[in-house]
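Given the coordinates of chain A, work out where chain B should sit on it, guided by the hints.
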Amino acid sequence: MSVSGLLGNRNLKHLEFELEPPSEIYAGNETLVGVKIRNRRRRVPAFLLDISLGGKPACLLLLRGGETERVAVPATFARRGIHKQHRIEVTSNFPINFFIRSRARNLPQALTVFPRPRHCATIPAEDLAGQTGEQETNRRGLEGEISRIDDYRSGDPLKMIHWKLSARQDTLKVKQLSATAQPPVEIDPLRLPGRSIEEQLSCACYLIDDYIRRGHPVGLKLGKLVIPAAEGRQHKIRLLTELAHYDQG
Amino acid sequence: MIKVKSTLELLALLCGLLGVMPLYLYLDPAVQVLLPLAFILGIIGAKSDHYLVGPKLATVISFILFGLYLVQLNLANVVSPVVNILALLLAIRLLTEKSGRNYLQIFMLSIFCLAASTLLTLHVAFFPILVVLIFLVTTGLVLLTFYNQDPGMRLGKRQRRALLGTAAILPLGSLTLMIFFFFLLPRTQFPLWNFLNPGTTAESGFNEKVSPGIFANNAASRNLAFRAACEQLPVDSLYWRGTVLNRLEDNVWTRVEPRYESSRITGGRQVNCTIFLPSGSRYLFTPDRPLDLQGLRTQKDKDLVYKPYRPQKKDFSYEVRSSLNSSLEVNGRINRSIYLALPRRVPESIRQAAEEIAGQSDSPQSTITLLEDFFRRQNLTYSTSNLPVTANPLEEFLFNDKRGYCEYFASSFALMLRLAGVPSRLVGGYHGGEYNQLGGYYLVTDEMAHVWVEALVDDEWLRIDPSRLATNAETTLLARSRRPLPLMTRVGDFISYYWTQAVITYDMQKQFSTIRDTAKTLKDFKVEPQRFKQPALYVVALVAILLIFRTLHGYRKLSLQEKLLNRFHRAVRKRYKLNEIPESTGLLELANRLDDDDCRRFAELYAELAYSRLEWTEADKKQLQEILKRLEQHKPKD
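The listed protein sequences derive, respectively, from chains A and B.
Residues in the first sequence are numbered from 245 upward in steps of one, following this note's numbering.
Residues in the second sequence are numbered from 23 upward in steps of one, following this note's numbering.
It is worth saying that the hints were derived from the structure and are not from the lab.
There may be inaccurate statements among the hints.
[What the hints assert, rightly or not] Computed cross-link-like contacts, EDC-like style, restricted to lysine to aspartate or glutamate with a CA-CA straight-line distance of at most 20 Å:
#	chain 1	residue 1	chain 2	residue 2
1	B	K329	B	E456
2	B	K179	A	E313
3	B	K25	B	E119
4	B	K27	B	D71
5	A	K257	A	E333
6	B	K651	B	E640
7	B	K179	A	E311
8	A	K300	B	E640
9	A	K465	A	E486
Just chain A, with the same shape it has in the complex (with noise of 0.2 Å):
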């Protein structure tokens, strides 16, 4: 028992963590946050790491001496804003299942948490912009008209091969769309429908969210704050995090 007792204190010690968070984290919903876990000891592995953030474990059955991996952890986090202390805990019933030890480990580390994304009554987008209808781009898209043949290059979809014309040519001939553009919309929370601003940016997290899906440049104005509309992953975390630090101080 005692000889058990001091492996798995053992097994517990020397251990590093480091979260790797998802770039999106929405508050109330489950995310899997990535934890980076170094060994520190040069040649005593550690076994059976059951490693949680508040809520159910995630298990790393061996980690050798000297060695990082990672784990992806269920985390969910209440509210938006800046997280900048995480409680991490580790438990173990290694080596013999009679206990289980555990150790808790605070870890200082910023994380953006966007508002909960809440389905608010679709608003139509003529609603918050000028413009309706699609419009063609000059961009090369997926969805638009034929706006010429070219040669396939790799990286073509299949799908985009004019086989027709292909057959009649001895080089594979692909269609190249035109990417249809829909027409941007501004986003103000604060004018959105909702008993509290909570209500509202959850509202806004979800517009946000939705219009980028569906294409349309997507902008903010957020009191002072007008961002002006954009496309593309990068532009939506920049809304959603400025809707995070909204009034947070």
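For chain B alone, coordinates are given in the frame of chain A:
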């Protein structure tokens, strides 16, 4: 990848096997049959994943068998039902499909079985089995933890190695602690097990009465009678005195405790001996003749017979001081009539022969000589088999069959001495002994049991061994003590000897003396640098050898390419006074950065060889080595 469950299955079988092994011979015949069957069915079940007995049926069978043995249980019969129940429970567990809990039960039952075996035997095999079992059980428990996490878990080779490496700490630590606690934990003065485990009196070659002619064969085994730790003694002096038989009635020699006599030992060579006797011995054996006996409460009779004050329930030891080949003189009065008493019926032929000798003799000493001559003339042979079973075994022995073992020789010799008027008695004990050089002790086995005669001549008891008068004494009786035991038996006995000394006879008294000695050593401990000089040198040498071995071993494991690269790095570091070359720096990059032609040549050639060809030719190696040699010869740059 191997399934954790398969390994657990194997460990459970091995543990079960080790646990019941020491018990097996003591189990009921039915259980002896059931056990191997359960093992075989368990193996088949594990292989095919189809078990004959389901968990519910197994529980019902367990309860029935438990009940059956429970009714047999009473204060006088505890051990047998308990060991049978344990073995049966283990057998049933092996038969059925196993969950994590069942594996745990098997491990525990195996340990209980082994522990229960100590109620029946204290054989030295217990210790190695215990060590192996601890290793297997602890490994099994660790694997069980993994199994409980996920019953379908598989472990790769590297994972297994890492796991077993760490898991090995568990049994090693446990065994170290076990040894520590063995010496330290308080123990009772009497073994607790004894009420469950009454001392079994083994059939021995040594008898408390001598009655030749009862058995046709006297094939004593080579079982241990006792061990005697002392210096090596002359073969002719190896007479171990046990008892004295002084009354002869109807061809049976028995003992009557002599009351009014005293004697003293003079002369001879003194030896000190520690005798280790198995439990239950009623007589204490001593090198003939004993001066005094220490280390045990004893009862000493006037004729140098020692007996334990109370029967010893476990193996025990005592120290004895003896005087070899000494004279035993009667000191004061002695009741000669005891030693001259004759049985009611004495065969006429023996009586006539004795009277004839007495007629020719003018002194007790000459009677002995004449009697010895008579024995020689009879051409008696020493034999232990196919002896006639008759009403007059001594007559048959002396005049007809002329074959017999020590009891025949001694009985007839002593009887004839008495007939011729010389007081005599028989001494029972052992003759000979196998000296174990390894342990410095005599191993005396049952087949060395012996009887000789003591005759009272001029107030002195003379030792006479009539068996030596056999025509084949040189090849049988004397050769017996000179015949060496097989090497394995000697080594086995040596281990068993230390097991008895260190474990079985380790009682409260020894525990106190161990603690006292340790305390004394610590108290008297003085730091004398001189005393540590030599050990320190040994330690340094050992560490140096280990380091060299490790370096060489590590170096040998490197491939030629790695060795050359290491050499190149060393040379570059030395020449350019670099502390370290980052691992991310490529060979060509390094050579370019250093702007050194030799380095560049080495890097280009090495890269070409490493990336273009599979096999390196001797010429390639030589070329690289030459560049390296040049690099190494350069002086460090400022």
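Which of the listed hints are broken here?
Violated hints (numbers, rising): 1, 8; every other hint is consistent with the structure.
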